[in-house]
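Asks: Top line first, the protein sequences correspond to chains A and B.
Heads up: the first sequence at position 135 corresponds to 135 in the numbering used here, and the numbers run straight through without jumps.
Heads up: the second sequence at position 51 corresponds to 51 in the numbering used here, and the numbers run straight through without jumps.
A hint or two may mislead.
No copy labels: a pair is met if it fits in one copy or bridges any two.
[What the hints assert, rightly or not] Under the rule of at most 30 Å between Cα atoms (straight-line distance), these lysine-lysine pairs were calculated in the DSS-like manner:
| hint | residue 1 | residue 2 |
| --- | --- | --- |
| 1 | K88 | K27 |
| 2 | K178 | K153 |
| 3 | K153 | K88 |
| 4 | K2 | K153 |
| 5 | K2 | K88 |
| 6 | K2 | K148 |
| 7 | K88 | K148 |
| 8 | K148 | K178 |
| 9 | K178 | K27 |
| 10 | K88 | K178 |
If you're looking for bench data, these hints aren't it; they were derived computationally from the structure.
Number of protein chains: 2
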Amino acid sequence: MKQLRLEPGIVNYPMPVALVGTAREGKDNYMAAAWLSMVSHTPPRIAVSLGPHLTRDIIRETGVFSLCFPSVQDEAVTDYCGVISGTKADKSALFSTFRGETGAPLVQTCALNAECRLNHIDINGLNETFVGDIVGLYADESVLTDGKVDLAKLRPLLLSQLDARYYALGPAAGRAWKDGVGFRQRR
Amino acid sequence: MKQLRLEPGIVNYPMPVALVGTAREGKDNYMAAAWLSMVSHTPPRIAVSLGPHLTRDIIRETGVFSLCFPSVQDEAVTDYCGVISGTKADKSALFSTFRGETGAPLVQTCALNAECRLNHIDINGLNETFVGDIVGLYADESVLTDGKVDLAKLRPLLLSQLDARYYALGPAAGRAWKDGVGFRQRR
């Protein structure tokens, strides 16, 4: 084990990929993004950081967006939404959609969808972090177990940015807020 | 396929788990956290959202912290750092450490470590999002392939919060910024 110093830059861990859904003048748009995280439990709030893209302009205008989580079988169309700008291609017909209360497009084939109202924008260098209140949360009944989203059924798509690879989720590796209690007792 | 409306709350996708490392008066502390994401490419900047914990107080005081990424084999000790507060237990001797330029503890058994200087704090409900400039990035040479962090070697630990499960990373599921080009050509 020898730790090497790398050039400070992107930290290469796997992140869930979402389609950021927006709508302007009746036309839906989708952009793949992976710099996202919950930031608040109460109220439920999530943040996604975006470079200078059309999606950013539309969220500023409309104040709403969705985060639609594709499964591994949707890898190619998701990647398409990451390589082609909405300024160059009409992505509005890529997916069957449904709507909640914000009007942002929610994707039928994404088994997990969140719709958000923009709370504020946190500027970070050339990126902007869009912090949204989760006002609607939807899951396909096929991925629920006891009313909760079951990741083994959802099969989320993960991105490893620096090596430009998507990954599936692997096997369970332990019980959270439980195995640590056993660790304490063994010490 | 039938989409059901859930109560707005935590969106259950898998997230990488990090140990947030801090030091005060010569004593190191670690807290497991999974609400984290890159937020800026230039400068390299990362954010982690924390509830009201000791770690938050120490980062406010010192202005520095580390994000140390454990592998699946470190699941139990990582979970321990998530269930036991630094106000109740001395976690300083849990890991062998090394230091970079900030003085925040970096963990030898974590094959990927980032050290950060606090840039600003974004308040989100009861949580606070600590946004830090990545000033040091370290990887164990055993997880590098062609000088880049190789997730197949790193074996990152992922958390699914709502079902309280850790997961390993699964098999590769596609090529980013490439499969979407083929998708476009097929359309």
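Asks: Hints first: check each against the structure and report whether it holds.
Replies: Going through the hints against the structure:
For the identical chains of this complex, K88 and K27 are intra-copy neighbours only, at 14 Å inside a copy versus 54 Å across copies, given an alpha-carbon limit of 30 Å. In this assembly of identical chains, K178 and K153 lie within 30 Å of each other by CA distance both inside one copy and across copies; the values are 23 Å within and 26 Å between. Taking the closest pair of Cα atoms, K153 and K88 never come within 30 Å of each other, the shortest separation being 34 Å inside a single copy and 38 Å across copies. For the homomeric pair K2 and K153, the shortest alpha-carbon distance between copies (14 Å) is at most 30 Å, but the shortest distance inside one copy (39 Å) is not.
In the homo-oligomer, the alpha carbons of K2 and K88 never lie at most 30 Å apart, since the shortest distance is 46 Å inside one protomer and 32 Å across protomers. Proximity of K2 and K148 under a CA criterion of 30 Å is satisfied inter-copy only: 15 Å between copies versus 42 Å inside one chain copy. For the homomeric pair K88 and K148, neither the shortest alpha-carbon distance inside one copy (38 Å) nor that between copies (32 Å) is at most 30 Å. Taking the closest pair of Cα atoms, K148 and K178 come within 30 Å of each other only inside a single copy of the chain (19 Å); across copies the shortest separation is 33 Å, beyond that limit.
With identical chains, the CA atoms of K178 and K27 are at most 30 Å apart between copies only, with a shortest distance of 26 Å across copies and 47 Å within one. In the homo-oligomer, the alpha carbons of K88 and K178 lie at most 30 Å apart only across protomers (17 Å), although the nearest pairing inside one protomer, at 49 Å, exceeds that limit.
The structure fails to meet hints 3, 5 and 7 from the earlier list, while all remaining hints are met.
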